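A.B. asks: Make the full structure from the sequences, and use the hints.
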Amino acid sequence: MKGMYDLANRLMKPVFSFDSALNLFLGLFFLFMPERASSFLLKESLFPRYAWVILGAGFLYFGYWQIRTIIRDKLGRGAVTFSFFMAIVPAVILAILLFLLYEKISKIGFIVLLAGDIYMFLLSLLYGAILKDRWE
Amino acid sequence: MWIEKKPFGSCFELSSGSIRALVAPEMGMSLASFTIGGIQILDTSRLKDFLLTRKGLGPLILPHFNCEGFSPEDKIEELKEKFPHIEELEKIGVDHPFQHGLGRYVSWYAEESEDSITGFLTGDMQYMGYKLKTLAGFDFEARVSFRIAPDSLIVAFDVTGEKPIATGIHYYYDLVDRNSAEIELTERDGSTRKIKLDRPYDDTFHPGSRFGDYTNCSLKTRNYRLDTVFKVKGKPEEIFESLVIFSPEESGFICIEPLSYYPGKGPTKTQNSGVIMLRPTFPGYR
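Going down the list, the protein sequences come from chains A and B.
According to the working numbering, the first sequence holds residues 813 to 948 in order.
According to the working numbering, the second sequence holds residues 20 to 305 in order.
Do not rely on the hints blindly, as some may be mistaken.
Listed below are the simulated SDA-like cross-link pairs for lysine to any residue, each with C-alpha atoms no more than 20 Å apart in a straight line [what the hints assert, rightly or not]: (1) B:K94 to B:Q145; (2) B:K213 to B:R298; (3) A:K886 to B:P302; (4) A:K814 to B:S52; (5) A:K886 to B:S35; (6) A:K814 to B:P169; (7) B:K239 to A:R880; (8) A:K886 to B:S34; (9) B:K24 to A:R880; (10) A:K886 to B:K24; (11) B:K24 to A:T881; (12) B:K252 to B:G231; (13) B:K24 to A:I879; (14) A:K886 to B:D196; (15) A:K814 to B:R162; (16) A:K825 to B:S52; (17) A:K886 to B:Q145; (18) B:K239 to A:G890; (19) A:K886 to B:R65; (20) A:K886 to B:K213; (21) A:K825 to A:T881; (22) B:K67 to A:R884; (23) A:K825 to B:V248; (24) A:K886 to B:S37; (25) B:K67 to A:K814; (26) B:K24 to A:R884; (27) A:K944 to B:S37; (28) A:K825 to B:S34.
Label-pair ranges, simulated between beta-carbon atoms [unchecked claim]: (29) A:I905 to B:N85: 31 to 39 Å; (30) A:G815 to B:S270: 39 to 47 Å; (31) B:K215 to A:K944: 22 to 30 Å; (32) A:A833 to B:S64: 23 to 31 Å; (33) B:G285 to A:R884: 39 to 47 Å; (34) B:D196 to A:Y876: 21 to 29 Å; (35) B:T141 to A:R884: 36 to 44 Å; (36) A:Y931 to B:E133: 34 to 42 Å; (37) A:L834 to B:I22: 24 to 32 Å.
Hint data in this document are derived by calculation from the structure and do not stem from the laboratory.
Computed from a predicted structure; not experimentally measured.
Beta carbons are placed, not taken as given, at the ideal position from N, Cα and C, and that holds for glycine.
C.D. replies: Shown next, in the form of structure tokens:
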């Protein structure tokens with residue numbers, strides 16, 4: 813168990829930094845290329861343009877918050893708890909959507925979204941381990 | 020490793036495991052950053068106060084404390100031109116031009132090794148055209164080293180003076196959340212005192228030993244725990260006789276200041292070679 817927590821502590825900052833870069837990229841992609849995002853992931857247009865733009869703005873703001881948190885060395889209990897929920901809640905929602913909209917998602921879209929979902933579940937595991945190790 | 024860090028100038032970075040410390044020799048050998056696992060332990064909201072008057076982050080106390088040191092009154096106007104902090108101190112009602120010791124206001128000569136940095140000051144050194152012994156009012160020599168150990172930062176003093184000196188640290192720690200923060204310390208009679216920090220606090224203690232010749236003041240916050248360990252028994256020049264706890268109203272910080280003498284009584288020792296160990300952990304760690 814100690815080895816797992818040691819690994820989580822070692823991974824925390826690099827993974828958090830990588831995740832912030834990923835969120836900024838996704839934010840810009842959804843915000844400025846909503847049509848391309850829709851056609852890449854879905855077989856048909858299911859959501860209005862503004863839904864992609866809102867999603868992009870959300871990713872962008874979360875990525876900005878993560879970078880600010882790293883720069884200011886504020887990776888405390890509140891920040892990790894918030895990040896945990898920002899990983900697990902979208903992961904659950906995406907898993908449900910993958911199940912419900914299976915027919916309407918492109919093949920490559922399904923692979924990418926499934927990988928993203930697994931990534932978010934792993935992120936929540938990491939943050940959960942950090943919370944348990946440092947503050948429980 | 021030396022890094023250029025605005026606005027502190029050349030800083031020396033010490034790191035071990037999840038602990039990282041940044042020491043700024045050009046800023047009075049102050050601690051500019053102290054983190055554990057990406058969590059800042061110093062109250063960074065006081066950066067501006069640190070830059071203006073060294074009232075923030077991690078300044079040192081030496082070779083005197085508070086306003087008990089020599090004050091070059093006849094030179095004050097002349098000094099103000101070269102030391103802008105003097106006017107800033109006056110604005111907040113502090114008359115002493117080098118409150119809490121000259122050491123924090125001058126640039127130090129520093130030498131590094133792999134896991135430590137040592138700063139030097141002597142009375143004959145010049146800063147802004149003045150000999151330090153002229154500004155301090157007496158000749159002195161100071162050597163302060165910061166060394167990183169696997170689980171702690173160790174601050175070691177070696178200060179001697181022609182007249183009695185004072186040494187200590189005056190670090191501003193982030194309370195994170197006042198209402199849940201507390202400290203625990205051992206008093207001279209051996210009893211343990213727990214102090215909730217949901218209200219302002221300003222007091223000086225005679226610390227008692229907790230294990231062997233050493234005592235420990237433990238700060239517990241929502242994000243981190245910090246143990247300040249120092250010697251209170253043994254050779255007079257190695258011990259810290261008092262512990263100042265300072266956390267004013269509506270502030271987000273607490274200062275935990277082991278001092279080589281008891282403030283108010285006046286320093287009596289002309290030498291201090293005390294060591295302070297700062298050990299940060301997470302609240303969940305035992």
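A.B. asks: Work down the list of hints and note, for each, if the structure agrees.
C.D. replies: Here is how each hint holds up against the structure:
no., hint, result
1, B:K94 to B:Q145, "holds (16 Å)"
2, B:K213 to B:R298, "holds (19 Å)"
3, A:K886 to B:P302, "holds (16 Å)"
4, A:K814 to B:S52, "violated (28 Å)"
5, A:K886 to B:S35, "holds (19 Å)"
6, A:K814 to B:P169, "holds (17 Å)"
7, B:K239 to A:R880, "violated (25 Å)"
8, A:K886 to B:S34, "holds (18 Å)"
9, B:K24 to A:R880, "holds (17 Å)"
10, A:K886 to B:K24, "holds (18 Å)"
11, B:K24 to A:T881, "holds (18 Å)"
12, B:K252 to B:G231, "holds (8 Å)"
13, B:K24 to A:I879, "holds (18 Å)"
14, A:K886 to B:D196, "holds (13 Å)"
15, A:K814 to B:R162, "violated (39 Å)"
16, A:K825 to B:S52, "holds (17 Å)"
17, A:K886 to B:Q145, "violated (39 Å)"
18, B:K239 to A:G890, "holds (16 Å)"
19, A:K886 to B:R65, "holds (15 Å)"
20, A:K886 to B:K213, "violated (26 Å)"
21, A:K825 to A:T881, "holds (11 Å)"
22, B:K67 to A:R884, "holds (15 Å)"
23, A:K825 to B:V248, "violated (28 Å)"
24, A:K886 to B:S37, "holds (14 Å)"
25, B:K67 to A:K814, "violated (41 Å)"
26, B:K24 to A:R884, "holds (14 Å)"
27, A:K944 to B:S37, "holds (17 Å)"
28, A:K825 to B:S34, "holds (15 Å)"
29, A:I905 to B:N85: 31 to 39 Å, "violated (58 Å)"
30, A:G815 to B:S270: 39 to 47 Å, "holds (40 Å)"
31, B:K215 to A:K944: 22 to 30 Å, "holds (26 Å)"
32, A:A833 to B:S64: 23 to 31 Å, "holds (27 Å)"
33, B:G285 to A:R884: 39 to 47 Å, "holds (41 Å)"
34, B:D196 to A:Y876: 21 to 29 Å, "holds (24 Å)"
35, B:T141 to A:R884: 36 to 44 Å, "holds (37 Å)"
36, A:Y931 to B:E133: 34 to 42 Å, "holds (38 Å)"
37, A:L834 to B:I22: 24 to 32 Å, "holds (27 Å)"
The structure is inconsistent with the numbered hints 4, 7, 15, 17, 20, 23, 25, 29, although it conforms to all the rest.
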